[in-house]
Amino acid sequence: MTGGTVKDVGSTTKNKTGTWRSERPIVDAEKCKRCGICVQHCPEPCITLDPHAVIDYDFCKGCLICKAVCPFDAITSKGERLCQTK
Amino acid sequence: MPNQIIEGSQAVAKMVRLCKPKVLAMYPITPSTHIPETLAQMKANGELDGTIIRVESEFSALSACIGASSTGVRAYTATSSQGLALMHELLFATAGMRLPIVINVVNRALSAPLNIFNDHQDSMSERDSGWIQLYAGTNQEAVDMTVQAFRIAEECLLPVMVCMDGFYLSHTYEVVDVPDDIKGFLPDYQPEHCYLDPNKPMTIGTWAMPEPYMKLRKELNDAAEKSVGTIQKVHDDYAKAFGRGYGDGLIEVTGEGSTAIVSIGSVCQNIEAVAKEKGMQLVRVRCFRPFPRQQLIGALKGKKSIIVIEKNAALGLGGGAMFHELRSALKGSDAKIACYVVGLGGVDVTLDYLRKVADSADSLGDGEVRWQNE
Numbered sequence: 001m002t003g004g005t006v007k008d009v010g011s012t013t014k015n016k017t018g019t020w021r022s023e024r025p026i027v028d029a030e031k032c033k034r035c036g037i038c039v040q041h042c043p044e045p046c047i048t049l050d051p052h053a054v055i056d057y058d059f060c061k062g063c064l065i066c067k068a069v070c071p072f073d074a075i076t077s078k079g080e081r082l083c084q085t086k
Numbered sequence: 087m088p089n090q091i092i093e094g095s096q097a098v099a100k101m102v103r104l105c106k107p108k109v110l111a112m113y114p115i116t117p118s119t120h121i122p123e124t125l126a127q128m129k130a131n132g133e134l135d136g137t138i139i140r141v142e143s144e145f146s147a148l149s150a151c152i153g154a155s156s157t158g159v160r161a162y163t164a165t166s167s168q169g170l171a172l173m174h175e176l177l178f179a180t181a182g183m184r185l186p187i188v189i190n191v192v193n194r195a196l197s198a199p200l201n202i203f204n205d206h207q208d209s210m211s212e213r214d215s216g217w218i219q220l221y222a223g224t225n226q227e228a229v230d231m232t233v234q235a236f237r238i239a240e241e242c243l244l245p246v247m248v249c250m251d252g253f254y255l256s257h258t259y260e261v262v263d264v265p266d267d268i269k270g271f272l273p274d275y276q277p278e279h280c281y282l283d284p285n286k287p288m289t290i291g292t293w294a295m296p297e298p299y300m301k302l303r304k305e306l307n308d309a310a311e312k313s314v315g316t317i318q319k320v321h322d323d324y325a326k327a328f329g330r331g332y333g334d335g336l337i338e339v340t341g342e343g344s345t346a347i348v349s350i351g352s353v354c355q356n357i358e359a360v361a362k363e364k365g366m367q368l369v370r371v372r373c374f375r376p377f378p379r380q381q382l383i384g385a386l387k388g389k390k391s392i393i394v395i396e397k398n399a400a401l402g403l404g405g406g407a408m409f410h411e412l413r414s415a416l417k418g419s420d421a422k423i424a425c426y427v428v429g430l431g432g433v434d435v436t437l438d439y440l441r442k443v444a445d446s447a448d449s450l451g452d453g454e455v456r457w458q459n460e
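Respectively, the protein sequence lines represent chains A and B.
Throughout the first sequence, residue numbering follows the working numbering, covering 1 to 86 in sequence.
Throughout the second sequence, residue numbering follows the working numbering, covering 87 to 460 in sequence.
Only chain B is shown next, with the shape it has when bound in the complex (with noise of 0.2 Å):
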C-alpha cells in the first residue's frame, strides 16, 4: 500500500524495515521514540529480519552499531537531542573507521535548558564527525532520504545521519508514499574494507601513530567532500526509479528573485509560501554535509541580498552555522548576506513571522544576525 496517511517515524521505520538492516540497537528519546517503538512492534509481530538490541544508552546504541557494523553486516539506529549528543565520542569513531551506519536523527533542542521541541543544535554540533548529513523537508522526503542514506553510507564507506524535525515532521500524519520494494536500489551490503572474520584476520578500530593518524583524518575529509557526486547520483538514481526528486539532490531551488532565502528542514515549507508572496527565491539546503559549496555559488550566483534562516546558533559566534559556512563560500560576491536565528526550541516559525523576515531584507546589514525573539 504505497500512498497512505502515516505519522512520518512510522513511515520512516516502514521504509527501514525494507532497507533490512541485520542489526538495530536503539535507546528511545523524545521525539524520535516512535521510530524504534514501530521497529519493536515489527519485529514482535515477525515482519523485521534484523536483530534489536536494546541497549542502556545512546552511547551503547552507537557502540553496538559500530560493533555490529565491523562484523560486516547493515546497522541502525534512531536518537534525537541529548542522545546524539552523548554518541558524541562514537560518532567521530564510527567516520573514523568508515563504517557505513546510517542514523535517523529526529531533531530537538540541546540542554539546558531542557527542550524536547524542535531545532537544529543536536546535529548542526556534530557537523565535523565527519558524518554525511541529509535534512529532509517533508516527511515523503525522509522516508526518501532513509533508504538513499544506506547507499550512500555503503558507496562512500561513510556514515549517514538523516535529520528530520521532531514533532513537525516526526509526529505529522500526512499522505506519504513508502514502496513496497526497493530491492533494485538498495543491494545488500557486501564489506570489503572492514569485517571481523576469523579466517581473515584483520586490526580494526586500532591506534594511530601522529603520521598516520594526520593521513587518515585527511583521507576521511577528502572522502566526504567526495561523496557529493555520490549524494547527487543516488537521488538521481531514486528520482528514476521511483519518480520523486529534489532538486540536484544538494540543494533544492525554488522561485526566482533578487533576494534568496537559504534555509535548511521542514520550515522551508513556510519559507517557500512566503517567497512565492514576496517574490523571492527559497533554496533550501538538503545535504549540509558535504557542504554543497559549489552548487550554492551557482545558485546564488548575482542576488543582491540573501537571508539565512535556521534554527541553530553558534553560540559566542552569533547566527548559525550555515550562515558563516555560506558568507565564507561566497566570498567575493557583492550580495548582501544576513541571518536570521529562528525557532530555537521549538519557537513557532509561522507564515506571518516569515513575511516580516521577508520585508526586512533592504534593512538588513551585510553579516547581520537577527534572532526571532529580539
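If we strip away everything but chain A, and leave its shape as in the complex, we get (with noise of 0.2 Å):
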C-alpha cells in the first residue's frame, strides 16, 4: 500500500460508486420492452436485460440518463434519500 500502490487488481469493484447516487432511477418492469437503450447508453456502465432492465445499485450514480433514453417510460426516479427512509 505504500505510495497509494493497489497490488490486487481488480480492487476498483470493491469502491461501491453507488453510495454517490442522489437520486435513484427505479425500473418499470411492466412498461419495460427489453430494448436495451439504457443499457448502450449507461456511462457506467450497471444495466443488464435480466429478465428486464436491472439497475446494478452498488454502481448506479443516478445520472438518470436512462430515464431520459427510455423510449417507453418505463424508468422514472426518487431521491435517494426517500428511498432509504422508506
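These aren't lab readings, by the way, just hints derived from the structure by calculation.
Owing to the predicted nature of the structure, the values given are computational and were not obtained by experimental measurement.
Be a bit skeptical, because a hint or two may be false.
Stated by the list, open to error - Listed below are the simulated PhoX-like cross-link pairs for lysine-lysine, each with C-alpha atoms no more than 25 Å apart in a straight line:
#1 K301/B - K14/A
#2 K7/A - K417/B
#3 K78/A - K31/A
Grab the two chains, each in its own frame, and use the hints to assemble them into the complex.
Below is the structure:
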C-alpha cells in the first residue's frame, strides 16, 4: 500500500460508487420492452437485461441518462434519501 | 582523477554518471543548464549508460522521471527556479507515489521581476511537497550529497532535492574530489513497492477516497520525519568510506559563542569567516526537510541571541521560512531570535555586510526581521 500502490488487481469493484447517488432510477418491469437503449447509454455501465432492465445500485451514480433515453417511460426516479428512509 | 579543478555543475554531472540513473529527463534552464549539458556530452561520448529524454518542458521532465521510476529504474533530473515551479504539481505526485527520484536544484530567484541569479525562493517554496531537501555549502558537498541522495531516496522511498546555489556554486571552478568509483556505496536500485510489470500487475498513482487519502498523506509525513535517521546513517557511511563528513549530516556547527548565526547554503562560507572574527557560532542547516528540529534545539541550547540569515522570504509574513520554523521549534527558550532576509535575486552578501549583521546582534529585538536592502 506504500505510496497508494494497489497490488490486488480488480480492486476498483470494491469501491461501491453507488454511495454517491442522490437520485435513484427505478425500472417499471411492466413497461420495459427489453429494447436495451438504456444499457447502451449507461456510462457506468451498470444496467443488464435480465429479464428486463435491472440496475446495479452498487455502482449506479444516479445520472438518470437511462430515464432520459427510455422510449417507453419505463424508468422513473426518486430521491435517494426517500428510498432509504422507506 | 579524483582531485581536480572543475566547475560545480560538471562535478555534479560526473557524480550523477557514477550513480548510473537509467533515465535522465532534463530541460535546460539557467543556472542548472551545465548539468544536463555535461551529461548530454557524456552520452554523446559513449560514457553514460542511461537514456536521456529530451523533453519540451520541466513539467514533462519530471513526468518522464515519474514514468521511468514507476517501471522500477533510477531516474534523475536537474532544474532551477521557474523550472522547479513548473514541476510543482508533479513534485507532490512524486512524493505521494513514494518514487525515489533525485533532482539537482540549482537555486535561482523566482519571477517577477525576472531574475536569473541566486536565492532560495524556488526550492523553499516547495518545502511542503514531501521531498527531502538537502542544501550544499560547497561544490564538494554538492557532489557528496548527490550520491547520498540516491541512497537516501531509495532507502526511505522519498524523492530528494539536492540544492546548490546558482552561479556561486554551479558556475564556480574549484578543487573538487570526484571519486572514480562508488559501486559499494550505492547498490543497484531494487524496486519493491511500485513498478510496472505485465507479469505482476498493480495500480499506481491511483485515486483515493477521503479516508485512505488522508491515511496515505499521514504515512508520507511520518516517512519524511523518520528519514532523519536514514539521512544521518547514509552521511556517516559516506564519511567512513570517503573520509568526508559534514557535522551530524543534518546540521553542521562551527565555532562557539553566546550568539549563533543559523543559515543555509553557500553563503555560510562567508558567514563562517565573519562568525570566527566576531566570536560567534555558525549553525549551518544541511537538511531543511525533514526539519532537523531536535538537532537545532540541541545545538542552540543556552544561546543568548540567534540570527537567522536566509535567502528566501515568506511574503506577507515577513522573514524567511527557516526563521519561522526555527522560532516555533525553540518556543519557550530564552534566546532572542531575529532574521535577516538577504541575497534575494543574487544581491551580494559580502563579508563587510555580514560584519554589520553580526555587530547588530545586540540591537535586534526578538522576532525582528530586517532585509538586506533596508
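Results for each hint:
1. K301/B - K14/A: holds, 18 Å
2. K7/A - K417/B: Cα-Cα ~44 Å, so violated.
3. K78/A - K31/A: holds, 17 Å
Consistency note: the structure conflicts with earlier hint 2 alone.
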